Amino acid sequence: MRRMMKGNDAVSEAAIRAGCRFFSGYPITPQSEIVEYMSWRMDEVGGSFVQSESELSGISMVYGAAACGLRVLGSSSGPGFDLLQEGIGYIVSAELPALIVDVVRYGNGLGEIVPGQSDYWQVVKNGAHGDYHCLVYAPASIQEAVDLVSVAYEKSEYYRNPAIMMYDGAIGQMMEPVVLPEMKEHDPDQFDWAMKGRGGEPQKQITSACYYKHPVPQNYVDNLRNKYAEMEKNEQRWESYMDEDAELIFVAYGIMSRSCREAINEARKQGYKVGMIRPISLYPYPVKAFESLSDNLKGFISVEMSALGQMVEDVRLAVNGRKPVYNYATGKMIPDTDEFISYIKNVLEGKEESV
Amino acid sequence: MAKDLLTPKLISEANRFCPGCGHGLIAKMIAQVLEERGVEDKAIQVYAVGCSCLISTVVRADSIQAQHGRAPAVASGVRRARPDAVVYTYQGDGDAAAIGLSESLYAAYRNENFTAIFVNNGVFGMTGGQMAPTTLEGQKTATSIYGRNTALTGQPFKLAELVAQMPVAYVERCSLTDAKHIAQTKRAIGKAFDNQLAGKGYSFVEILSPCPTNWNMEPVKAYKRLADVVSGEYKLGVLVDSEEE
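As you go down the protein sequences, you meet chains B and S in turn. Residues 257 to 611 (the numbering used here) are what the first sequence spells out, left to right. Residues 790 to 1034 (the numbering used here) are what the second sequence spells out, left to right.
Just so you know, these hints were derived from the structure itself, not from any lab. All of these numbers come straight from a predicted model, not from anything done at the bench. Hints are all accurate, no fakes.
Result set (DSS-like, lysine-lysine): computed pairs, CA atoms no more than 25 Å apart in a straight line:
1) B/Lys469 with S/Lys798
2) B/Lys554 with B/Lys529
3) B/Lys469 with S/Lys831
4) S/Lys1013 with S/Lys817
5) B/Lys579 with B/Lys489
Pairwise CB distance ranges, derived in the manner of DEER restraints:
6) S/Asp873 with B/Ser295: 20 to 26 Å
7) B/Arg514 with S/Arg805: 56 to 62 Å
8) S/Ala940 with B/Ala563: 44 to 50 Å
9) S/Arg805 with B/Pro458: 17 to 23 Å
10) S/Glu1007 with B/Leu573: 57 to 63 Å
11) B/Met439 with S/Leu986: 29 to 35 Å
12) S/Tyr935 with B/Asn576: 58 to 64 Å
Even for Gly, the Cβ is constructed at its ideal location relative to N, Cα and C.
Work out the full structure, taking the sequences as your base and the hints as a guide.
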């Protein structure tokens, strides 16, 4: 059954239906609907909701429940997400699965409450200290967000590594028709590492994997390298759109990819052969999408709602000097079709500098 | 045979604390209390960062290491995820009273049904004896080399008194000064676990403990300072007992 749902509500319900039974968080625009939804919905399904006194505390509770094997959800935005990074770093170090949502708002510090894509660096690279990545999923629609929730839980459990779903405030706040998955139960006792008391067995430890799990330094290093190498081999996700004959290929994720798609359709009517690579996983970055480049391709345009252009660094790494890469960083604005087309013209006429 | 009786099964190896440190005594008492109640296999201990983190190498219950200061929040998540478990936090004074004050007070504020063991030795131990909120006036530490100036840094921090402002089940401050006080400490730890088992809510035990290494004292002198000086600043006794109200 299709129903109209707000992005944040739909993601919350998708988490519940994937078996999530613990949420703790703190209100911040444009993420607050997740906290609000979970405050009543968790109770209905026999799960636990705690409105925490801070994001530091909220992610710590999420960490505790994840250590017990539950499917858990945390969420925040902007300066609140900064505070989650401490706990995310510990969840990573303890090799626990968890899903965390970043509903991105624009700007530095307190910033603004309007949608943005300027969290790329702190979410995709790593926001806490140490050697790690989170699996990062960037849906472009509410349906895709819903579908990726269960994927994120499954992958997070397979790799024993937290996953982050990152979407901007627009996807969080808007309504779209969506089909929700069936309700699924999750058994926390399926994991031999889950905390529940020893029960006559030897002590279990949830702490940094470097202490007990991989006390030999080289084993610790190998474990990390192998884990992320496997993700990079098997977990790349992207959508290609009209890129086979394209002279210019946009690279855009999330809400930006939707405006981009519309602009591509119009540009093609006007005779410009343009296409798009839409990353769905931001870590691992879909470098496979950039493997074979046609001779008539003149360059890539990375488009992002940020001031500096953050993802463009990964586009450059994927392209690796084979073609020019342009950095179309749009600040807090989403360009309209005319603006996209004039940028295309400027690139083709040599008026834009590649990076 | 006496050795078998004295060493709880949960204690699996010699502790790694410094000579004369109070943590080893407290670890043993926690293990005894859990075993006397037959709940050692249901126990989940949540510790964080500092000397207190060595607890998981001594008391071999299921263990989670929280971020520095966040043990009460992690334990709040564990409490909900595992309603049948016996949950407790084990933290030092830098951990619970400095970086983790917010988490400490909010766990008390929610009257979480777990047990909090708070070890106050007046310094940051593991990092080399820096001043903590709990450091006494005039006490020399690595960050107060002329003695703590309370006019600039504040008075010794009374976490038990703050927790006692919250709607909790039980707050008591104890000391490891001598056999009598150690026995009282064990009774307090026992009561804090009994409260949890009875679902009465948050039970907090502050334990004044010596740190001979960072007090720059021989252990005997450190215990004497605990009796003569520290216990004068930090009043011993029950601050909250919901049973008696």
